[in-house]
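Work out the full structure: start from the sequences and follow the hints.
2 protein chains.
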Amino acid sequence: MATIHDVAKRANVSVATVSRYLNESGYVGGKSRKAIEKAIRELNYVPNNVARTLSTKQSNLIGLIIPDIKNPFFPELARAVEDTAYKYGYTVILCNSDENAKKEQHYLQALTLKYVAGVILTSTHEGYKRHVDIPIVALDRVIDEEIPAVMTNNVLGAELATNHLIQFGATELLCLKGPKQLISSEERLKGFLKAIEGKNIKTHIIESPYEFEQAKKITIEYLQKHPSIDGIFASSDVSAIGVLNACNKLGIKVPEELQIVGFDGIEISEFFTPSLTTIAQNIYELGETATELLIQQIEGKLLNNQNICIDPELIVRETTRKEQKG
Amino acid sequence: MATIHDVAKRANVSVATVSRYLNESGYVGGKSRKAIEKAIRELNYVPNNVARTLSTKQSNLIGLIIPDIKNPFFPELARAVEDTAYKYGYTVILCNSDENAKKEQHYLQALTLKYVAGVILTSTHEGYKRHVDIPIVALDRVIDEEIPAVMTNNVLGAELATNHLIQFGATELLCLKGPKQLISSEERLKGFLKAIEGKNIKTHIIESPYEFEQAKKITIEYLQKHPSIDGIFASSDVSAIGVLNACNKLGIKVPEELQIVGFDGIEISEFFTPSLTTIAQNIYELGETATELLIQQIEGKLLNNQNICIDPELIVRETTRKEQKG
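Going down the list, the sequences are from chains G and R.
When we follow the working numbering, the leftmost residue of the first sequence carries the number 54, and every step to the right adds one.
When we follow the working numbering, the leftmost residue of the second sequence carries the number 54, and every step to the right adds one.
Please note that the accuracy of each hint is not assured.
Given that identical chains are not distinguished, each listed pair holds provided it fits within a single copy or across any two copies.
[What the hints assert, rightly or not] Once the Cα atoms are required to be at most 20 angstroms apart in a straight line, the calculated PhoX-like pairs of lysine-lysine come out as:
id: 1; residue 1: Lys140; residue 2: Lys123
id: 2; residue 1: Lys270; residue 2: Lys375
id: 3; residue 1: Lys62; residue 2: Lys87
id: 4; residue 1: Lys375; residue 2: Lys302
id: 5; residue 1: Lys156; residue 2: Lys140
id: 6; residue 1: Lys155; residue 2: Lys84
id: 7; residue 1: Lys87; residue 2: Lys155
id: 8; residue 1: Lys155; residue 2: Lys140
id: 9; residue 1: Lys91; residue 2: Lys62
id: 10; residue 1: Lys306; residue 2: Lys375
id: 11; residue 1: Lys140; residue 2: Lys354
id: 12; residue 1: Lys270; residue 2: Lys140
For the record, the hints were derived by calculation from the structure and aren't laboratory data.
Here it is in structure tokens:
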């Protein structure tokens, strides 16, 4: 098997130059670079990091499985994961599962066969059983008690949102909850119910996917039947933007006639008119923490499985009123 | 070196079962799955796809280098790339370059060392010289005449946008162009200039990054100095949303007093009030075509380098007027 010395000799450069090239740790001129690449090809030289992958069955690749990068929550999350991975010398493989258990399973197995060092998984599948024997961190959603998870305190966030609506005068509330297979969505419903408990508030609960057009359609239909609703807690910013569109369509004034609070704190929520009052998750910190937890596992530094819960924050903007009730 | 037969024997299953497991081509029960994984570990078995990576220096990994997944144009693009890659049996590695030449170069070299089969690159760096000897396709932006590129017909799009503003009565136009290092941004400026040529239109040209907050700030300052502007062509939807926010802030009625046309056709542009008239790139087709072109190169089926230019489309919504001038 060819060594780094053979490559240096054939390329007519020093071993230090080849090492700089392989480790990307300093300047290598264009001519030397070409000569080194030619020598590597001709000698079939396998650099250490690939050799290491084979002998230890471990690479510096991290798999990131999310439902859909097009949902505006996930680009911000993916960015945090990649930034953190980059800092620790890892590279990220992106996989979109479409909330489809079969596609998710396919990716998990495909990633294992590529000897990724670990996987960050945002799965919808509660009670998930591990089929693969590599480090996994669950992100945004708990999937199994054996798998460490990083998520937002969803119950607290929903309570903050609902209390804010009530405090500023809403008396008939709609909770536009998310899909029931998502634990985070059920926790947000729990927080909503906790906030209204014992208060004289009329409530409605309906479900919508986290998708602009669907949320708009569902809200229009429901508000037409129940025009006295004066506050909506939407379980995601994407749904809340759908709600805002529904109100525009129906000629309902926001926040004068109806107040809206979203959940997530995606960047774009600030740029609507009126701008969206929302429960901001610390999306970057979620991604960063999950990646650090995974790397700790990969490097054998994590002793116990643990769940990390990050508190969200109420950001008051223009879809809720400025003056308190009474 | 262990073979698939050794694995089957030790796991006490058939070779066909191991093969199904490795190729993910059919059902393998939980018990067999565990036995196969145990045998693979104990025998240090290297499946064919990893062995192939070593012997041919080629994997089924594709690198995707983009400026920033948080810019809403790129999630839609990344999704198309991943869907297409998945269809052809490839997996995508996501890298954010932050428009930084050094980070881009780092990723290109890191990907080459991981023996990716090819790279899809959205680079800002014109006159790009290849440092690495693997298939590359340029996406959204031409980088070198030797590298095949897939992009939108930006000149045509900007012409459509500008003509639409003029046709519906705008007489003093601002072109809020994008960063000058982007060829696509310069082409959109070219289309704008082509559309106003020979017409009695007063024009202004200023630059803004493709970023909500910056575009808003720059537009507010400029409109305060030039209140007679009655039409803005923004070089991206993200800038156009910043312009829309600037108009709200200044109390300028859109489209009655000022019309806006964006560029890109990102999904969210439809959900603003007023909804954004824009030049829609076929983002999904761009990503799909680039991936197919790359895979053709990888598989040796592409004979000549070629550029593919996809026509964009004007989508008339609510930031432009309904009635023609005169």
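So, going through the hints one by one against the coordinates:
1. Lys140 to Lys123: between (25 angstroms within a copy, 18 angstroms between copies)
2. Lys270 to Lys375: The answer is neither: 28 angstroms in one copy and 25 angstroms across copies each exceed 20 angstroms.
3. Lys62 to Lys87: Result: close within a single copy only, 14 angstroms intra versus 46 angstroms inter.
4. Lys375 to Lys302: between (24 angstroms within a copy, 18 angstroms between copies)
5. Lys156 to Lys140: between (29 angstroms within a copy, 12 angstroms between copies)
6. Lys155 to Lys84: Between copies only: 18 angstroms across chains, 48 angstroms inside a chain, cut-off 20 angstroms.
7. Lys87 to Lys155: Result: close only across copies, 18 angstroms inter versus 44 angstroms intra.
8. Lys155 to Lys140: between (32 angstroms within a copy, 15 angstroms between copies)
9. Lys91 to Lys62: Within one copy only: 12 angstroms inside, 42 angstroms across.
10. Lys306 to Lys375: within (14 angstroms within a copy, 24 angstroms between copies)
11. Lys140 to Lys354: within (17 angstroms within a copy, 37 angstroms between copies)
12. Lys270 to Lys140: This pair counts as neither: shortest intra-copy Cα distance 43 angstroms, inter-copy 32 angstroms.
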